[in-house]
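Colleague: For reference, the chains in residue letters:
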Amino acid sequence: MPGMFIDVEVDAKTAGDTALAKKLTEVCPVNIFAQEKDGRLRIVGENLDECVLCDLCVQAAPAGTVRVVKLYER
Amino acid sequence: MRFYEYEAKALFARHGTPLPKGQVARTAAEAQKIAAGIGGPVVLKSQVLTGGRMKAGGVKFADAPADAEAAAKAILALEIKGQKPRGVLVEQRAPVAQEYFAAVTWDGRRKLPVLIFSDMGGIDIEEVAEKHPAHVARAHLSTILPWSAYRAKEAIVAVGVTGDDLNRLIPIVSTLVEVFLRYDLTLAEINPLGKLADGRFLVLDGHVDLEGDARDKHAKLLEELGIGKEETREARPPTAFEIKGAQVDASDHRGVAGNVREFDGDLGLVIGAGGGSLTLFDAIRKHGGRPANYCEIGGNPSVRKACDLTKLILSKPGVKKIAVMMNVVSNTRVDIVARGVIKGCVESGRDPAETIAIFRIPGAWEDDGFTILRKYGVEYCDRTVSMDEAAGRAVAKMARA
Chain A
1 MPGMFIDVEV DAKTAGDTAL AKKLTEVCPV NIFAQEKDGR LRIVGENLDE
51 CVLCDLCVQA APAGTVRVVK LYER
Chain B
1 MRFYEYEAKA LFARHGTPLP KGQVARTAAE AQKIAAGIGG PVVLKSQVLT
51 GGRMKAGGVK FADAPADAEA AAKAILALEI KGQKPRGVLV EQRAPVAQEY
101 FAAVTWDGRR KLPVLIFSDM GGIDIEEVAE KHPAHVARAH LSTILPWSAY
151 RAKEAIVAVG VTGDDLNRLI PIVSTLVEVF LRYDLTLAEI NPLGKLADGR
201 FLVLDGHVDL EGDARDKHAK LLEELGIGKE ETREARPPTA FEIKGAQVDA
251 SDHRGVAGNV REFDGDLGLV IGAGGGSLTL FDAIRKHGGR PANYCEIGGN
301 PSVRKACDLT KLILSKPGVK KIAVMMNVVS NTRVDIVARG VIKGCVESGR
351 DPAETIAIFR IPGAWEDDGF TILRKYGVEY CDRTVSMDEA AGRAVAKMAR
401 A
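Chains as they are written, first to last, in the numbering used here: chain A, 1 to 74; chain B, 1 to 401.
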């Protein structure tokens, strides 16, 4: 579920890559990402609006597979 | 954080500063015992964190222990400016030949501590400085370079003190400076510093204020002086609203969003930025507005923290609207605060467009912030609108509400 202001979309392949999931969890300064027990990526919905638009997640993943959406621009 | 007189004197005593014989009593019977132990005339002083004790009847004299008991009973029953006394300080009454003043405090303009000394003690030092400027000496001191007693000597000599008096005063005044620096005080004052008929000096009254942020650093000292962690030492106990504000602020390490003070108006304030909050509060009042609260927000609080602060303010009975205003910000993001306050309105079941009277925070990430505000129909303004004008707009909107 998106936040009021921010949504983060992650391609299924990237979300299922446990190494990438770990990396995304580490780079986000506001804990938008976490890992499920099986290592898959989980989006922490309650933290989405804390996004500081640093783009570290976008840079950590293969190009175009993580997208940060400013809902207020829609 | 202010100390009671007996605590200030206990601190001075640890450093060898000469004090009259005395002790604090919690009951009239204790006061009687202390007076009997001292032997001879005593002075009894209400232990409250406010001035004007003498005028209010909080200082009495007694020649015998029985008189001391009666005086203590009266003092302990007397509220001064709404404060019940913590106890009554019973001290030997010293025959004073002359009163002096010595204090160390912060000079906000020079950004340095300043030692102030006068040979006209016992009265308000501002009045002495105005009417008898030659009797007040000042010496700024460094918080980096070591303190030297010769600086105290210079200040004392500057008001014309020489000879034995000078020699006796130097260690007292120099120690006062050392205490100020060592314990991160914002005020260390002896007034009056009494010269007795036999030439000795005694600290007759003392005031100490500790920097609030230094409480943890000096936890051991405070414990030894019997000052509890729960003691805020503020002018009045915090209200439930203020306690909740502190909880919001403590909920997350990022930035500041709290330090609320409750007022009885109808316009909630989400304000901040390096003194801007005080300016904005005054501006609201100048325009005839009635603030429901004072608060401080800044240093990039999380969206949740800004949201929870907004919800707290909106939960206060009688708050019709909020004004969200800061000076030009560089270390706080406009978009983050905008998200927080809008979310706070929505989670409170209120329409942000109706609830936010004005949003005036220009600065970092303002383009994103203004985009958010436009989406939710909130009136906002940039830096071309002064804080004063923004406050005026908020008050005008309240009048139309």
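These are computed hints drawn from the structure, not numbers from a lab.
A couple of the hints might just be wrong.
[Said to hold, decoys possible] Non-contacting residues of chain A with respect to chain B, defined by C-beta distances greater than 10 Å in every case (computed):
1) 19
2) 42
3) 64
4) 65
5) 70
[What the hints assert, rightly or not] In silico DSSO-like cross-links for lysine-lysine, where the CA-CA straight-line distance does not exceed 30 Å:
6) B:60 / B:84
7) A:70 / B:131
8) B:131 / B:84
9) A:70 / B:111
10) B:311 / B:84
11) A:70 / A:22
12) B:73 / B:111
13) B:111 / B:131
14) B:375 / A:70
Glycine included, each C-beta is placed from N, C-alpha and C at the ideal position.
Colleague: For every hint, state whether the structure bears it out.
Modeller: Here is what the structure says about each hint:
no., hint, in the structure
1, 19, "holds, 29 Å"
2, 42, "holds, 19 Å"
3, 64, "holds, 22 Å"
4, 65, "holds, 24 Å"
5, 70, "violated, 7 Å"
6, B:60 / B:84, "holds, 16 Å"
7, A:70 / B:131, "violated, 64 Å"
8, B:131 / B:84, "violated, 35 Å"
9, A:70 / B:111, "violated, 44 Å"
10, B:311 / B:84, "violated, 35 Å"
11, A:70 / A:22, "holds, 24 Å"
12, B:73 / B:111, "violated, 45 Å"
13, B:111 / B:131, "holds, 26 Å"
14, B:375 / A:70, "holds, 12 Å"
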